[in-house]
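Keeping the supplied structure of chain S fixed, place chain V upon it in accordance with the hints.
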Amino acid sequence: MKEHHALIDGLKSLPEADWRLLMGIFAAALAALLAGVAFGAATAFTRAGFVEPGPLAGFRAMTAHAVSIFFYWLYFAQAGLLLVLATVFTSHQHGIGWRRAAWAGFALMLAGFAASLYGISSGLPLLYDAPPELGREPSAALAATYAGYLFLAAGLFCVAAAGIATTVAPLARGEHDRMPVVSFAACAWAGLLMVSAIAAANAFLPSALWAFGLREAPAGYATGWHILFHNMHYLPLMATVLAWYVLVEALTGVKSIFGARFSKIVFATYLVFVPPTSLYHMFLEPNLAEGVRVAGSLLSLFISVPTVTVFLVIVASLEVHARAHGGKGLFGWIGMLPWRNPAMSAIGFAVVNLALGGALSFVLIQEKLAVLLSDTFFVPGYFHFLTVGTVTLTFLAALLYVLPALTGRALWRPQVLRWMPHLTTAGLALFGGAGIAAGYAGVPRRALEVSYDGAAPAAWSALMSAVGAGGALMTAALLVYLYALLRNLIPIGAAATAELPEVRWAQAVTGRQRAWTGPLAILVLVGLTVAFTTLAFELLRALPVAAAGGAAH
Amino acid sequence: MHSDALIFAIVFAVWLVLAALYALVPMFAMPGYAVVWGWGALVFLGLAALTERAVRRARQRRLHPKEGK
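As they're listed, the protein sequences go chains S and V. For the first sequence, this note's numbering begins at 7 and goes up steadily by one. For the second sequence, this note's numbering begins at -8 and goes up steadily by one.
Isolated chain S, as found in the complex (with noise of 0.2 Å):
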C-alpha cells in the first residue's frame, strides 16, 4: 500500500463542515485568479497595441486585473492554505478551531471582493493602490473601492484569528508538548496576517471615511500604503517558502535536516525581518531625511535573507537525502526529483523565477535607481517573476495536491500539467525580459499608450509587443491550470483518485554527503544581482536624461 502523507490523510479526514468552508474559499480563489488572468491579458493586449479599448476600459482592465489578483487571488488562496496547513499539521480530527470567525471571515473577503468591482467598473479606476487624489471627490464608487479593502482585512483578521485558534489550541488539550513545524509557521503567519489587516485599516479607513462624506480628504495617505504594501510582499512570500517546505516532503518525503526547532526560528526571521527592512518604499519621498535614505539601503539588504535562509534549508536536506539514494554529479541528484508531478515541476520553476525576480528586485530597492526605476515599465517587468512566477506557480502547484485531495477526484490530465511551468516561465521570460530593457529604456508603467505620437523611440513599440505576446503565453499556461482545477472543484464525471509521481527517501541513511547546490546557487542569484545592477548603471547613465537629474540632484 502507498505512503501517504500527513496532508492528504488529514485533507481526507476534515470535517464535514470544514470542507464545505474550504472548497468556497478555494472557490472564490480561482474566481478571482480566472478574473485576473482575464482583466491581465486585456492589460497586456492593450499595451502591446494589439487591441484598442480606449483610456478609460484599459485603466479599468489595469485596475481590475492588479485588484483581482494581487489582493483577491493571493489572499484567498492564502486564507484557504492557513486553515488548510493549520489544521491538517496540528490535529484534523478537531478540525478549524473558531469556525464561526473563519466563515465570517469569509462572507466578509467575498463582500470586499464584490465591493471593489463595483468600485473598479462604475467609478473612475485608481488603480491597485487608489490614491484618494485621483478620486478628486467623494462617490459611491470611491467609497465601495476603500470599502471593499476594509472587508478584506476584516476578513483576514477574522480568518487568521481562526488560523491562530486551530494551532494554540491543540497544545491546551495536551495533545502536542510543542506546536509541530508547519503548525508553528502557520501561526506566525497568521499573525503577520493579522497585522497586514491592521495596517489596511491604518492605510484605508480614513479615507473610506472621506469617501462616505464623514471627514476632510486624508493626508500622508502615501505611508500607509507603503507600510501594508511592504506587508504585502512579505506575506506571499511567507506563504509560498512554507507550501515549498510542505509540499517538497509530501512529494520526497524528506524533512529538514536541520531539525524543527532550527525550522522554526528560520520561519520566525520572517517576522523579525520585516518591519526593519520596510524603509526601502520611502526611497520616492523628498522629504525623506538623508539619514534614513542610508539606513533604508543597508536594511534593505537584509530582506531576502529569511526565504534564501529556507531555500537553503530544503535544498540540502533533498540533496543530502537524494545522494544517500545513489545521487551522484554536482548537479545529478536533481534528475532524480519526482518532476512528472505537475506540482514538483511547478515548484522547481518557481524557484527559478524566485532567483530572477529576486535579482532584479535588489536593482530597484537601491536608493539611488528606485528614483530612475520606479515609473518604469522595469517594475511590472520584475514583479510578475515573483507575483506569476513564484507565488502563483507555487500556490497553484498547493491546490493540485489540495483539491483532489478534498474532493476525491483524480487530477485532470497531470501530464499536460507537468508543462504548464514551462510555459508560464517561457511566457515570463518573454513579458519580464522585454519589460525589464523596456524599463531601462524609459517606457513608462502606467501609459497604455507609448508611441506619444510617433515622439518616442520606435523600440518602445516593439518591446511592449513582446510583452504583449509573452502575456499571450501566460494566459495560456494560466487557463489551462484554471480549466484542470474547476474541473476538480465542480463534480463532473465519477469520483476516481490517481496516484502521481512521488520518491519516498525518508528512511534513507544520510552520512556525511555534499550539499553544493544551494551556496552555488546563492553565488548565482548574487552574480545575477550584480550583474542586473552594473546593466542599469550603464544603461541609465546612457541615457540622455543624466544632465538634467545631475543639476537636481
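To be clear, the hints were calculated from the coordinates, so they are not data collected in a lab. Backbone N, C-alpha and C fix where the C-beta goes; we use that ideal spot for every residue, glycine too. Wrong hints could be hidden among the right ones.
Chain S side only, calculated, beta carbon under 7 Å to chain V, not exhaustive [as the list claims (entries may be wrong)]: (1) Val174; (2) Met185; (3) Gly197; (4) Ile204; (5) Leu479; (6) Ala482; (7) Leu485.
Over the 12 Å line for every Cβ pair with chain V, so calculated as not near, a few chain S residues [claimed, not checked]: (8) His11; (9) His182; (10) Leu290; (11) Arg452; (12) Glu455.
Only chain V this time, still in chain S's reference frame:
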C-alpha cells in the same frame, strides 16, 4: 518559558523597539509606521501569551487531571 512562546516574545521585542524608534527618534519620525508596528508588537505579545497559557494549562491538567475536566 515554552520555546514556541519565547520565539513569539522575541518577535514582540523587535517590533516594539522598531515602533519606539519610529515614534521617538526625530530622524525616523513616522507616526504611521509606529502605529502599525506597535499594534503588530501587541499581536505577537498576544501570541506569546496565548501559547504560554495553553502549555501551562496542559501541564496543569496533567498534574491535576480531575481539576482540568
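Now the hints, each set against the structure:
1. Hint status for Val174(S): holds, given a least beta-carbon distance of 5 Å to chain V, under 7 Å.
2. Annotation: interface hint on Met185(S) holds; nearest CB of chain V at approximately 5 Å, less than 7 Å.
3. With its C-beta approaching chain V no nearer than about 5 Å, Gly197(S) sits inside the 7 Å limit, and its interface hint holds.
4. Interface hint at Ile204(S): satisfied, since its Cβ lies 5 Å from the closest Cβ of chain V, which is below the 7 Å cut-off.
5. Hint status for Leu479(S): violated, given a least beta-carbon distance of 39 Å to chain V, over 7 Å.
6. The criterion of a C-beta within 7 Å of any C-beta in chain V is not met by Ala482(S), whose closest approach is roughly 40 Å, and the hint is violated.
7. The closest approach between the C-beta of Leu485(S) and any C-beta of chain V is roughly 38 Å, which is over the 7 Å cut-off, so the hint fails.
8. The non-interface label for His11(S) is consistent with chain V: the shortest C-beta to C-beta separation is roughly 23 Å, beyond 12 Å.
9. Residue-level check failed: His182(S) sits 9 Å from the nearest beta carbon of chain V, not beyond 12 Å.
10. With a cut of 12 Å on Cβ distances, Leu290(S) stays outside the contact zone with chain V, its closest approach being about 15 Å.
11. The beta carbon of Arg452(S) is kept farther than 12 Å from every beta carbon of chain V, the shortest such distance being approximately 24 Å.
12. Every CB of chain V is more than 12 Å from the CB of Glu455(S) (nearest about 35 Å), matching its label as outside the interface.
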